[in-house]
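Here is what each chain is made of, one letter per residue.
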Amino acid sequence: MNRDHSFPPENRPAPSGISRRQFLKASAAVGGGLLLGFRLPFAGDEAEAAEASGFAPNAFIRIGRDGKIVLVMPYVEMGQGTYTSIPMLIAEELEVDLKQVQLEHAPANEKLYANPLLGVQATGNSNAARGAWRQMREAGAAAKTMLIAAAAKRWNVDPASCRAQHGVVLHEATKRSAKYGDLSAEAARVPVPEKVALKRPEDFKLVGTPAKRLDTPAKINGTAIYGIDVRPPGVKFATLAQSPVFGGRVKSVDDKAAKAVKGVRQIVQLDDAVAVADTWGLRRRVSQL
Amino acid sequence: MIYKLKINGTTRSVDVDSDTPLLWVLRDVLGMTGTKFGCGLALCGACTVHIDGHATRSCITQVSSVGAKAVTTIEAVGKTPQGKAVQQAWLELDVPQCGYCQSGQIMSASALLATNPHPTDADIDSAMSGNICRCGTYIRIREGIKRAAQSNG
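Chains A and B are the protein sequences, given in the same order. Our numbering applies: residue 26 is where the first sequence begins, and numbers increase by one. Our numbering applies: residue 25 is where the second sequence begins, and numbers increase by one.
You may find that some hints are simply not true.
Stated by the list, open to error - With a cut-off of at most 35 Å between alpha-carbon atoms, the simulated DSBU-like pairs for lysine-lysine come out as follows:
1) K261(A) / K170(B)
2) K261(A) / K28(B)
3) K170(B) / K124(A)
4) K108(B) / K93(A)
5) K103(B) / K93(A)
6) K200(A) / K261(A)
7) K93(B) / K287(A)
8) K284(A) / K170(B)
Please keep in mind that the hints were generated in silico from the structure rather than gathered at the bench.
For reference, chain A alone in the conformation it holds in the complex (with noise of 0.2 Å):
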C-alpha cells in the first residue's frame, strides 16, 4: 500500500466525530450479543432521502457471547481482495486479528448497501476501500469504544485506564481482562459514543502490511458459493437457443416439438433468443439411499 495515496487530508486520523449522518446504533443482536451496524455516506440527495428515513446500516458487525466477530462484506468479492481489505479497516480499530473474524456476505439491499461512491450496490471502479476507509475504521472503533466502556463499568474502572488487544479488553492496573465475546451483552447496553478517537497511521498493525487472504480457505475446498450455486427457492434453470450471429432476431418459433419433451415447462421467446426451462437437472428425481 502506498501510504501517500492513504490518507487524504479529511481522512487524517484524528478524534473524529460521527455525524447524524454517519451515525451508529448499536442494539442487542440476536444471542444478546452486541449488533452494531454502520452506514457509509450516500451521495447527494440519496444522502439527504437516506437520513430523512433514519437508521440505514449499509454494514454490520456482529459480536456474539461465545466471541464470534461476523462482519457482513457490503462489495462482492471477485478476486480483487475486498474480503480481506475491508475486514481489516475494521479490525485495526477494533483491535482484533483477522483470524478472528468471520465474514458474511451483504444480502441484495440497495437502500442499505448502496455503494457510496456508485449510489448503487455495485462493486467496482476500485473504489470499496476508498469509499469504505473511514467508516468501516469508525464502526471498528465505535464498537471498541463501547466494549472498554463495559468493561470499566464492570470493573468500576475509569475507561481510559483500560484498553483492547487481540479481541480483549484489559486493565492492566489491576491486570485484569475480559474477551470481547463476555462483554458483548453489556456493551449492547452502552450508548453509541458521539466520538471516537481513529488511531493514527504510526499505530497501525494491519493496514498498510501484507495480510493473506480470508477468501482463500473457502476457495480451496468448494465452499466458497459463486452467483452460479445459488439455489433461490423454486429457481429454475433455462438452456437459450441464441441467434449465432449478433443481433439476430427470432422470426418464429415451432415449440410443438419441444413441448412434447418430458421435463420442459416453459418455452419463452424473447427478441434474439429462445429460451427452454428444461435442463437435465430438470428431468432429475432423486432417490436417495
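Dock chain B against the given chain A, drawing on the hints supplied.
Same frame as chain A, but now just chain B:
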C-alpha cells in the same frame, strides 16, 4: 434411469437420463456446487473431477459411462495425500484470486502429483494446460504444485 454412483466414498443413487453429464448430476441433482461449470465443452477445466484417480472433465462425461468407478470431487480431495498437500500449498501461497477455476486446478494438480510426485516445469505445463485461469494465477499454480511436491517428500 437409476444410476448408483460412488462419489467421495459414498454410494449415491440418482435417477437421471443416461446422457446427463456427471457435472449436472453433481451440481443440480446432488447439490455439490464445488465443481464448477465453465464451458460445457471440456475446453476450460473448471469441471475437473477424479474418476478412479484420473483428472476428468465432468461436463462431457455422461453419467452412464461412470459405472462403478470412484468419483472424487473438490469437496473430498483433501482426504487424499496429494489433494491435502495441494490445498495446503494453495493456502500458503494464496493461489486463488477470484477462485472460480481453482476447484478444477486443484483436481488436475493433485491427479498429476498422484502419478508424478516430482513433476518438472514441462510436466506441470503439460498436465495443467487444459485448466484455464482468467485471473492468470498460473505462476502461483506452478509454485503451488512444486511446494506440494516437496511436502510429499
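Verification of the hints:
1. K261(A) / K170(B): Given that 35 Å is the threshold and the Cα spacing comes to 43 Å, the pair is violated.
2. K261(A) / K28(B): With a Cα-Cα distance of about 25 Å, the restraint between K261(A) and K28(B) holds, given a limit of 35 Å.
3. K170(B) / K124(A): 27 Å, holds
4. K108(B) / K93(A): Roughly 27 Å between the alpha carbons, so the hint for K108(B) and K93(A) holds.
5. K103(B) / K93(A): 28 Å, holds
6. K200(A) / K261(A): Violated, at about 60 Å.
7. K93(B) / K287(A): Cα-Cα ~29 Å, so holds.
8. K284(A) / K170(B): 53 Å, violated
In this structure, the earlier hints numbered 1, 6, 8 are contradicted, and the remaining ones agree with it.
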